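Two chains, two frames, a set of hints: combine them into the complex.
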Amino acid sequence: MIALHNYLILSAVIFSIGVIGVLIRRNLIVVLMSIELMLNAVNLTFIAFSRYLGSTDGQVIVFFVMAVAAAEAVIGLAIIISVYRHRQSLDPQEMQLLKW
Amino acid sequence: MDVNLVPLLPAVQVLVTALVVTLRDLFIKDGESRGVLAFYSLVGLGLAAAEVFFLLGGRQEGAFNDSYMLDRFALFFALIFILAAALTILSAIDYVRQTGMREGEFYALILFATVGMIVMAAANDLMVFFLGLETMSIAVYVLTGMWRSNGRSSEAAMKYFLMGAFATGFLLYGIALIYGATGSTNLAQISAYLLDQPSEWPVYLIGGGFLLLIGFAFKVGAVPFHFWVPDVYEGAPTPVTGFMSVAVKAAAFAAWARILLYKLSPLDNDWVFPLWIIAIATMTLGNLLAITQHSIKRMLAYSSIAHAGYLLIPIVVGVEWGGLPLLFYLLAYSFMTLGAFAVLTSMTEGDESKDGYSDFAGLGFKRPFLALAMALFMLSLAGFPPLAGFTGKFYVFRSAVLSGHLNLAIIGVLNSLLSVIFYLRVIVAMYMEEGGAAGKSFRQAPFVYIAVAIALLGTIYLGILPADALDWSRRAFGSLE
Chain A
1 MIALHNYLIL
11 SAVIFSIGVI
21 GVLIRRNLIV
31 VLMSIELMLN
41 AVNLTFIAFS
51 RYLGSTDGQV
61 IVFFVMAVAA
71 AEAVIGLAII
81 ISVYRHRQSL
91 DPQEMQLLKW
Chain B
1 MDVNLVPLLP
11 AVQVLVTALV
21 VTLRDLFIKD
31 GESRGVLAFY
41 SLVGLGLAAA
51 EVFFLLGGRQ
61 EGAFNDSYML
71 DRFALFFALI
81 FILAAALTIL
91 SAIDYVRQTG
101 MREGEFYALI
111 LFATVGMIVM
121 AAANDLMVFF
131 LGLETMSIAV
141 YVLTGMWRSN
151 GRSSEAAMKY
161 FLMGAFATGF
171 LLYGIALIYG
181 ATGSTNLAQI
191 SAYLLDQPSE
201 WPVYLIGGGF
211 LLLIGFAFKV
221 GAVPFHFWVP
231 DVYEGAPTPV
241 TGFMSVAVKA
251 AAFAAWARIL
261 LYKLSPLDND
271 WVFPLWIIAI
281 ATMTLGNLLA
291 ITQHSIKRML
301 AYSSIAHAGY
311 LLIPIVVGVE
321 WGGLPLLFYL
331 LAYSFMTLGA
341 FAVLTSMTEG
351 DESKDGYSDF
361 AGLGFKRPFL
371 ALAMALFMLS
381 LAGFPPLAGF
391 TGKFYVFRSA
401 VLSGHLNLAI
411 IGVLNSLLSV
421 IFYLRVIVAM
431 YMEEGGAAGK
441 SFRQAPFVYI
451 AVAIALLGTI
461 YLGILPADAL
471 DWSRRAFGSL
481 E
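Chains A and B are the protein sequences, given in the same order. Per this note's numbering, the first sequence starts with residue 1, numbered consecutively. Per this note's numbering, the second sequence starts with residue 1, numbered consecutively.
Hints may contain errors.
To be verified - Among the chain A residues that face chain B by a calculated CB cut under 10 Å, a handful are:
1) I2
2) A3
3) A12
4) V13
5) V19
6) V31
7) L39
8) A41
9) F49
10) A67
11) I75
12) A78
13) I79
14) R87
15) P92
It should be emphasised that the hints constitute simulated quantities derived from the structure, not laboratory data. Since we're looking at a predicted model, the values are computed, not measured. Heads up, the beta-carbon is just placed ideally off N, CA and C, and yes, glycines get one too.
For reference, chain B alone in the conformation it holds in the complex (with noise of 0.2 Å):
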């Protein structure tokens, strides 16, 4: 049998720099600057970009016998990973310095996960799924503890770990009962055998695959599986917060989308009702419960909460049409996000995060650019016209009224109304109150502006132009067999 091992490049590559930055970590004295060490990273990472786009162009394979497809889902999913890790990085770099985290194992972890979530989108087998899930998930939960002297950051670690251990539970007990009945970990055997012999299943492969389910809700933190997620979200170091609520997100989807949404989709019929109320009621608590926040983190972490909640309508909506909203949607969400966190990363003094909304009570005039683009990922995230939230939520409700789901399509639109309220509240702060602690001491972050620079680009790119990513997402989609 050959070895084919070019699938396995990119993943490789960031393998290889996060190992490269570890060991040079350790020829780099205490107090001596440690710049290289984000430098390489982000190296590795344009150099992986640059493999997907050269795998893109030719044919895609897979490898360990078909145990791994680096399909064009996949390499649109690592493009998003790859993105997210190297905005992560670039907005983290004064950050890390200023909190007095280690930096070259941060920089590590964050490509280690990054390998992970590339293993999962790619995963073809369940056992090489839950094997990336874990990569990523031990070194996520690192990063969350990565601010060691802030008791805060070790206890939203925990309650990360005990939540995310306890969800790998359920979900290897899915996969153990879904091997069970079919007799394989290998998705193509499986949906094979779910064509093969409709409805005679066995009762615990319908157990298993629920199990599944539970697992992935976790992951994804949809209602009621979400109540670790502000907790842990809030007292994680901004850039780890916005790099779980992208990347760790947009790779429990990916999986969600080929495993659940489109290998296993003859068992729709049976988790289509408990989904369709799932997704109502992330939604929904989402966005109520980040209407009564004081902290514009937490406040992001309900309202990724609710986006959770918007990206589980496809999913309900099926396989037909919700194939492109989703990945669309997701990539959208990955720019005004990522950017959001980037500038509220931006606003840590010393060891102090100010992430109130009092803090950011006059930004719009100590720090303009920032307050802008600030206000602009706030609407897009709202959804307003041009931006690329508004394209994304289009196809979103578009997907759920042609699916003739349109009960979800109005609840979908009444939530994006609510969410306006707290969206518009930090803009009200950011311009019309005045008075506000953040970006009194705020020194110069070059690469912070950076990071939000290329997510503000995204974003507007995404909401003015969308036609390339549709098309690109649509491809994607379709290139799952």
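Here chain A stands alone, though its shape is the one from the complex (with noise of 0.2 Å):
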């Protein structure tokens, strides 16, 4: 039996990699998917609080949260193919139009 704290343990660790992943990547699709890392690190610790409380809650968040996750990454891409097509380029450190 693993007990609950390593679960918690292991989607904090998994969500720092995603914040870091956005934070310091400089290609779109990869900071596109280290977003959908951080909702899956947030996924693992609802499904593991879940089964903690007895409560099935948490399970039947983590549809709604996939479902979410899934209408942002078809507006994500979306997006980025139109910022694509302005720049040929996936660097978010040279979209330069307005100043970051």
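Okay, here's the thing in structure tokens:
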């Protein structure tokens, strides 16, 4: 039996990897993947707590989060394409039309 | 278990309108007038507003096991959102045509975002709140990038999306930790847990609260999570910027007031001090940076950061004194900001935005009504009596004094004085300089005039006769239970 805190530590680590990825990666697609990683780390937290508390709420929530993450990915990719058409680049550092 | 669907009425009304607009759009051939879509949207919003008034008169109820509470508080905010959506659509009708954006999608997305906001304001469950937030945010990401032929718009959409999705991650992690600590996402049960077991909270409950706080700070654009605001507000199509700075901000503050200020108030001690710092930093930095801007649109973006700072004062002040000023100031802020952005929208020529100070030069003689309205909105934003902004600020600072946060009130007043510099610069440009580019080939846009007139009436009315609105705000906040 793996204890609750192991899951929590794992998901915190994955979440941090996602945050660091968003902050330092220089390719929009990878940044988007890092955001998905953050959301999935949260899903793991929900599942772990759900199991620990013996309530199914957390597992139902995960389905909502997955649906929302899918919608976000669709919009994100569409926006990335629209940006790419203007700039032929996926590097967020080169987005200089507006002062960052 | 009974399913009571009546409280869903306003949100469903707006949702159905959005779907009708989306579908009707498909049956209009390219090149034909799409004005009817704006008409449908406005009628739908009007019906939703009528339903809100109908529900205000009756009993306020919850739905889905009280995870959705359409109380007076939610109805108050629903009216702000409906008003913001209607004024945005009115001022956007000509703008959307000139810039070649897709009309049907534009109106439909404004309506979808409004649905999300109403759900956010009524959410009595962290999960319902999250779904409302995402419904709103995803629609607004797209709206920001609607002007696809414009590189700035796409870039703004990209930045907004990245920052928004990033903030969503924090918010959701906060929700997960709070769920783990309290065993529920329902706010009533969470608040019961907090009251039951004072101070024996697991460490991740506090952590969850702070992650939630970070998520909210991102959404309202508070320092140090403000850096995306100026870029996104500048790049987005002007009517969308107005919509974002009013409705999105109001929705975030509605959820903040219900969740953090009210339901999680036992955690207050832990975050009053960080919030105090955030409020002061937000006001001061917003106003200081606004002074240095050359574009009025960007200046208004920084001014909206500063106003988020003023709005944080009632939140620092707490439940006892903060409710009334927060709601009233949001109402006042909505009118004056929507008005200012409606005037700015009307300054667009072809596919070019004219939003520099120099573009406004001489507007007072070319477009007397728009210039006068803009002048009054600026004075109101700066906090001159007898306009809405003054009354709002008065109650905000009063609540700070009454609750013993004298330092907050003093810093707030000093900031208001500072803000006069850049608001008056607009008026100086309009009346004392000449030769601006804007307004030369400016077409008569009747709908923009209607939007400006409504916002102007609201700004003056709330300034001169605030009693009704104050009473209304008090009762709205009092309905939280």
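Consistency of the hints with the structure:
A least Cβ separation of about 16 Å between I2 (chain A) and chain B goes past the 10 Å threshold, and the interface hint is therefore violated. A distance limit of 10 Å between C-beta atoms decides the matter here; for A3 (chain A) the minimum to chain B is near 14 Å, and the interface restraint is violated. Because the beta carbon of A12 (chain A) sits about 9 Å from the nearest beta carbon in chain B, less than 10 Å, this interface hint is met. A distance limit of 10 Å between C-beta atoms decides the matter here; for V13 (chain A) the minimum to chain B is near 13 Å, and the interface restraint is violated.
Below 10 Å, beta-carbon pairs count as interface contacts, and V19 (chain A) has one with chain B at about 8 Å; its hint therefore holds. Because the smallest distance between the Cβ of V31 (chain A) and any Cβ of chain B comes to about 6 Å, under 10 Å, the interface hint for this residue holds. Look at L39 (chain A): its Cβ gets to within about 6 Å of chain B, closer than 10 Å, so that hint holds up. Below 10 Å, beta-carbon pairs count as interface contacts, and A41 (chain A) has one with chain B at about 7 Å; its hint therefore holds.
Checking F49 (chain A) against chain B by beta carbon gives a least distance of about 4 Å; that is within 10 Å, so the hint holds. A least Cβ separation of about 9 Å between A67 (chain A) and chain B falls short of the 10 Å threshold, and the interface hint therefore holds. For I75 (chain A), the interface hint holds, since its Cβ comes within 10 Å of a Cβ in chain B; the closest pair sits about 5 Å apart. Because the beta carbon of A78 (chain A) sits about 8 Å from the nearest beta carbon in chain B, less than 10 Å, this interface hint is met.
At a threshold of 10 Å, the smallest CB-CB gap from I79 (chain A) to chain B is about 5 Å, leaving the interface hint in force. Below 10 Å, beta-carbon pairs count as interface contacts, and R87 (chain A) has one with chain B at about 7 Å; its hint therefore holds. With its C-beta approaching chain B no nearer than about 7 Å, P92 (chain A) sits inside the 10 Å limit, and its interface hint holds.
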